[in-house]
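Visitor: The residues making up each chain are set out below.
There are 2 protein chains.
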Amino acid sequence: MNDFTFQNPTTLVFGKESTDQLPQMIEKYTEGKNILLTYGGGSIKKTGLYDRVIKLLEGYNVFELAGIEPNPRLSTVKKGVQAVKDNNIDFIVAIGGGSVIDGTKLISAASTSDVDPWDIVTRKATVESAVPFGTILTISATGSEMNSGSVITNWETNEKLGWGSPLVFPKFSLLNPELLYTLPKNQTANGIIDSMSHLLEQYFNEASNTEIGDAMISGVMKAIMKAGPVAMEQPENYEARETTMLGATVALNGFMRLGYAGDWATHNLEHAVSAVYDIPHGVGLAIIFPEWMRYVSKKSPARFIKFAEDVFDVDSSLSDEEKINFGIDAISNFWTSLGAPTKLSEVGVKEEDLEVFAEKTLIYGPYGNFYKLQKEDIMAIYHAAL
Amino acid sequence: MNDFTFQNPTTLVFGKESTDQLPQMIEKYTEGKNILLTYGGGSIKKTGLYDRVIKLLEGYNVFELAGIEPNPRLSTVKKGVQAVKDNNIDFIVAIGGGSVIDGTKLISAASTSDVDPWDIVTRKATVESAVPFGTILTISATGSEMNSGSVITNWETNEKLGWGSPLVFPKFSLLNPELLYTLPKNQTANGIIDSMSHLLEQYFNEASNTEIGDAMISGVMKAIMKAGPVAMEQPENYEARETTMLGATVALNGFMRLGYAGDWATHNLEHAVSAVYDIPHGVGLAIIFPEWMRYVSKKSPARFIKFAEDVFDVDSSLSDEEKINFGIDAISNFWTSLGAPTKLSEVGVKEEDLEVFAEKTLIYGPYGNFYKLQKEDIMAIYHAAL
Numbered sequence: 001m002n003d004f005t006f007q008n009p010t011t012l013v014f015g016k017e018s019t020d021q022l023p024q025m026i027e028k029y030t031e032g033k034n035i036l037l038t039y040g041g042g043s044i045k046k047t048g049l050y051d052r053v054i055k056l057l058e059g060y061n062v063f064e065l066a067g068i069e070p071n072p073r074l075s076t077v078k079k080g081v082q083a084v085k086d087n088n089i090d091f092i093v094a095i096g097g098g099s100v101i102d103g104t105k106l107i108s109a110a111s112t113s114d115v116d117p118w119d120i121v122t123r124k125a126t127v128e129s130a131v132p133f134g135t136i137l138t139i140s141a142t143g144s145e146m147n148s149g150s151v152i153t154n155w156e157t158n159e160k161l162g163w164g165s166p167l168v169f170p171k172f173s174l175l176n177p178e179l180l181y182t183l184p185k186n187q188t189a190n191g192i193i194d195s196m197s198h199l200l201e202q203y204f205n206e207a208s209n210t211e212i213g214d215a216m217i218s219g220v221m222k223a224i225m226k227a228g229p230v231a232m233e234q235p236e237n238y239e240a241r242e243t244t245m246l247g248a249t250v251a252l253n254g255f256m257r258l259g260y261a262g263d264w265a266t267h268n269l270e271h272a273v274s275a276v277y278d279i280p281h282g283v284g285l286a287i288i289f290p291e292w293m294r295y296v297s298k299k300s301p302a303r304f305i306k307f308a309e310d311v312f313d314v315d316s317s318l319s320d321e322e323k324i325n326f327g328i329d330a331i332s333n334f335w336t337s338l339g340a341p342t343k344l345s346e347v348g349v350k351e352e353d354l355e356v357f358a359e360k361t362l363i364y365g366p367y368g369n370f371y372k373l374q375k376e377d378i379m380a381i382y383h384a385a386l
Numbered sequence: 001m002n003d004f005t006f007q008n009p010t011t012l013v014f015g016k017e018s019t020d021q022l023p024q025m026i027e028k029y030t031e032g033k034n035i036l037l038t039y040g041g042g043s044i045k046k047t048g049l050y051d052r053v054i055k056l057l058e059g060y061n062v063f064e065l066a067g068i069e070p071n072p073r074l075s076t077v078k079k080g081v082q083a084v085k086d087n088n089i090d091f092i093v094a095i096g097g098g099s100v101i102d103g104t105k106l107i108s109a110a111s112t113s114d115v116d117p118w119d120i121v122t123r124k125a126t127v128e129s130a131v132p133f134g135t136i137l138t139i140s141a142t143g144s145e146m147n148s149g150s151v152i153t154n155w156e157t158n159e160k161l162g163w164g165s166p167l168v169f170p171k172f173s174l175l176n177p178e179l180l181y182t183l184p185k186n187q188t189a190n191g192i193i194d195s196m197s198h199l200l201e202q203y204f205n206e207a208s209n210t211e212i213g214d215a216m217i218s219g220v221m222k223a224i225m226k227a228g229p230v231a232m233e234q235p236e237n238y239e240a241r242e243t244t245m246l247g248a249t250v251a252l253n254g255f256m257r258l259g260y261a262g263d264w265a266t267h268n269l270e271h272a273v274s275a276v277y278d279i280p281h282g283v284g285l286a287i288i289f290p291e292w293m294r295y296v297s298k299k300s301p302a303r304f305i306k307f308a309e310d311v312f313d314v315d316s317s318l319s320d321e322e323k324i325n326f327g328i329d330a331i332s333n334f335w336t337s338l339g340a341p342t343k344l345s346e347v348g349v350k351e352e353d354l355e356v357f358a359e360k361t362l363i364y365g366p367y368g369n370f371y372k373l374q375k376e377d378i379m380a381i382y383h384a385a386l
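Chains as they are written, first to last, in full-length UniProt numbering: chain A, 1 to 386; chain B, 1 to 386.
Don't read these hints as lab results, they were simulated from the structure.
Backbone N, C-alpha and C fix where the C-beta goes; we use that ideal spot for every residue, glycine too.
Treat the hints with care, as some may be off.
[Said to hold, decoys possible] Label pairs and their in silico Cβ distance ranges:
# : chain 1 : residue 1 : chain 2 : residue 2 : range
1 : A       : K85       : B       : S129      : 53 to 63 Å
2 : B       : G365      : A       : P23       : 47 to 57 Å
3 : B       : T47       : A       : K343      : 35 to 45 Å
4 : A       : S317      : B       : A380      : 29 to 39 Å
5 : B       : S129      : A       : K33       : 21 to 31 Å
6 : A       : S316      : B       : P341      : 32 to 42 Å
7 : B       : E58       : A       : Q7        : 47 to 57 Å
8 : A       : T30       : B       : R52       : 37 to 47 Å
9 : A       : S317      : B       : D51       : 51 to 61 Å
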């Protein structure tokens with residue numbers, strides 16, 4: 001492992017009764033009464049969650065920022081910053097999935113100064129303070145509910161970039177698996193793919209002797225792969241929702257990467273695509289990750305053999321190449337079985353886009369901590385995924 | 001799983017350079033200059049760690065409480081409380097293993113009021129505030145460096161009891177695997193046994209659908225069982241120390257028990273013994289845990305079958321009973337291979353003690369969250385372990 005420092009101060013409240021703890025949790029962090037609710041397209045009004053939250057917040061002055069998009073947009077974040085400033089907001093409650101939470105993180109960080117929010121994302125400005133916020137999770141996927149990272153899309157420049165600050169850990173996140181019962185099937189699938197992708201990014205890391213991490217990652221991956229199809233077929237199966245929901249949270253709350261960062265090249269490759277084609281992150285990952293694996297396994301095979309052993313108990317009589325292919329095919333086939341597309345062309349991407357994507361991903365230079373991708377590597381992976 | 005709330009605010013600093021971060025870390029939590037160093041029998045003076053820490057603390061007023069015992073004693077804690085009050089201590093630095101840290105936790109919690117420290121342990125008094133403290137870990141075993149629990153022995157009453165408070169999470173813990181190089185072999189063994197016991201206590205829990213936890217627990221246990229014998233044979237093998245050290249921390253920092261408490265009966269059974277016979281906790285656990293497993297597996301076998309599958313990939317053609325015995329024997333034999341005794345009589349316990357132990361463990365009534373032990377169960381387990 002590499003030397004590391006780990007801290008995750010978020011309080012995770014998990015279970016059927018978790019939503020009801022909202023007022024008590026807010027009280028721990030502010031005596032103020034001005035709350036900003038942030039949410040997405042309004043499904044929380046259909047499900048009744050909105051009404052329940054409003055009732056729980058009796059006695060507070062509740063302001064709202066509705067309409068945070070999937071792939072949350074800078075323009076919407078700016079509206080949120082204005083809302084916080086105009087209304088002297090003391091605490092923000094984000095209700096939604098990773099997009100709503102990621103957007104809320106930037107609102108939180110950009111509202112205590114006059115900095116341009118995009119300067120925070122592009123590292124031109126540092127976060128010195130943030131408005132405290134908590135979350136109620138309605139889509140399980142990104143792990144944003146228990147980490148300090150965020151991904152924001154700037155549609156003016158077609159850039160989708162990740163940023164983070166220890167100041168934007170949610171103070172608390174309330175996770176009730178029952179809130180996932182009404183998720184459309186494709187969102188359930190995308191969440192499973194996204195959480196598995198996070199595990200893959202961390203499994204393929206830059207460190208040696210990662211036995212503890214390898215064991216936890218492969219164990220959580222197996223649990224998600226067992227519960228995931230049940231959640232797809234039986235949307236109201238509590239145990240399946242419970243496992244996939246907790247799995248997605250631990251997949252990216254830092255527990256799985258004590259002593260390394262992980263590769264994260266595939267996330268860059270995907271962000272370049274979804275900054276132009278507004279596709280769900282999980283869809284992009286399902287297409288690109290297997291191609292990243294196939295390409296990089298030819299350059300650096302050993303880890304891919306261990307992967308097939310750790311996660312799929314691959315038959316020890318197979319050749320190294322067969323083991324590698326077994327592991328990659330198992331991931332790819334699993335995602336296909338959830339209904340994910342396998343080619344970028346299926347979601348509208350054209351060959352002439354690939355060069356543009358590649359240039360965009362290279363904004364900070366060659367990248368990937370497990371295997372550093374140069375432009376020719378990136379183009380080869382994109383072409384294979386087309 | 002059961003509904004749960006998880007938070008662990010401790011900052012974990014891990015690696016070869018971790019000790020040097022002491023002054024920066026203290027500065028985050030206090031502007032005061034009065035530091036109390038707590039430590040054990042003085043091995044830190046032989047290894048040079050003491051001198052290094054004193055040098056790192058230049059500019060601070062350093063006071064000391066030396067001599068915190070294995071199985072830390074109430075009488076010593078009281079001296080520490082006095083030292084904090086006499087010297088207006090702003091921050092405590094615990095240098096040692098679980099005993100030093102557990103003692104420091106009670107000093108921390110009892111120094112901000114005039115409460116009798118034992119009343120905190122026996123839950124007659126609640127902790128309202130605590131002096132902040134950090135740790136430098138020199139023995140890897142209990143996980144106390146990243147949790148809010150503590151076990152204290154009262155030699156006046158021969159009681160050894162656990163207690164805890166969210167206020168006594170260490171602010172930070174600095175873990176350098178190299179500091180373990182000089183550990184005596186038996187302390188390395190006891191640490192491995194202790195950390196595995198924590199995993200066992202949590203694996204045998206009261207909840208259903210614990211797939212995420214089961215996967216993490218069995219994975220970490222496998223990693224410890226692989227690295228442990230290497231650390232025994234090659235005390236200066238960095239990777240083996242790294243794996244067992246991180247394994248012991250995650251084994252009891254809450255990561256492994258999201259959604260359940262675990263059983264914890266065996267810890268009670270052991271504490272009753274080591275409150276009278278001053279044996280290392282790991283030794284007591286190595287003797288008693290396999291007997292608890294043998295006894296309880298007859299009453300509630302299903303979980304023991306899954307255990308053998310999860311941790312030891314037990315041959316699926318075996319009968320249920322054979323699988324159960326395979327798993328228990330594998331644990332017991334592994335601990336014996338580390339040099340642990342297998343019988344209480346080997347450490348001096350006499351048959352007439354058993355009744356006294358049993359009464360002591362029942363102070364709060366029948367116990368064990370996976371399987372509730374009555375007095376006859378307890379006596380049967382003690383007899384088998386004698």
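Visitor: For which of the previously enumerated hints does the structure constitute a violation, in increasing order of number?
Guide: Result: hints 1, 2, 3, 4 and 7 break, sorted rising.
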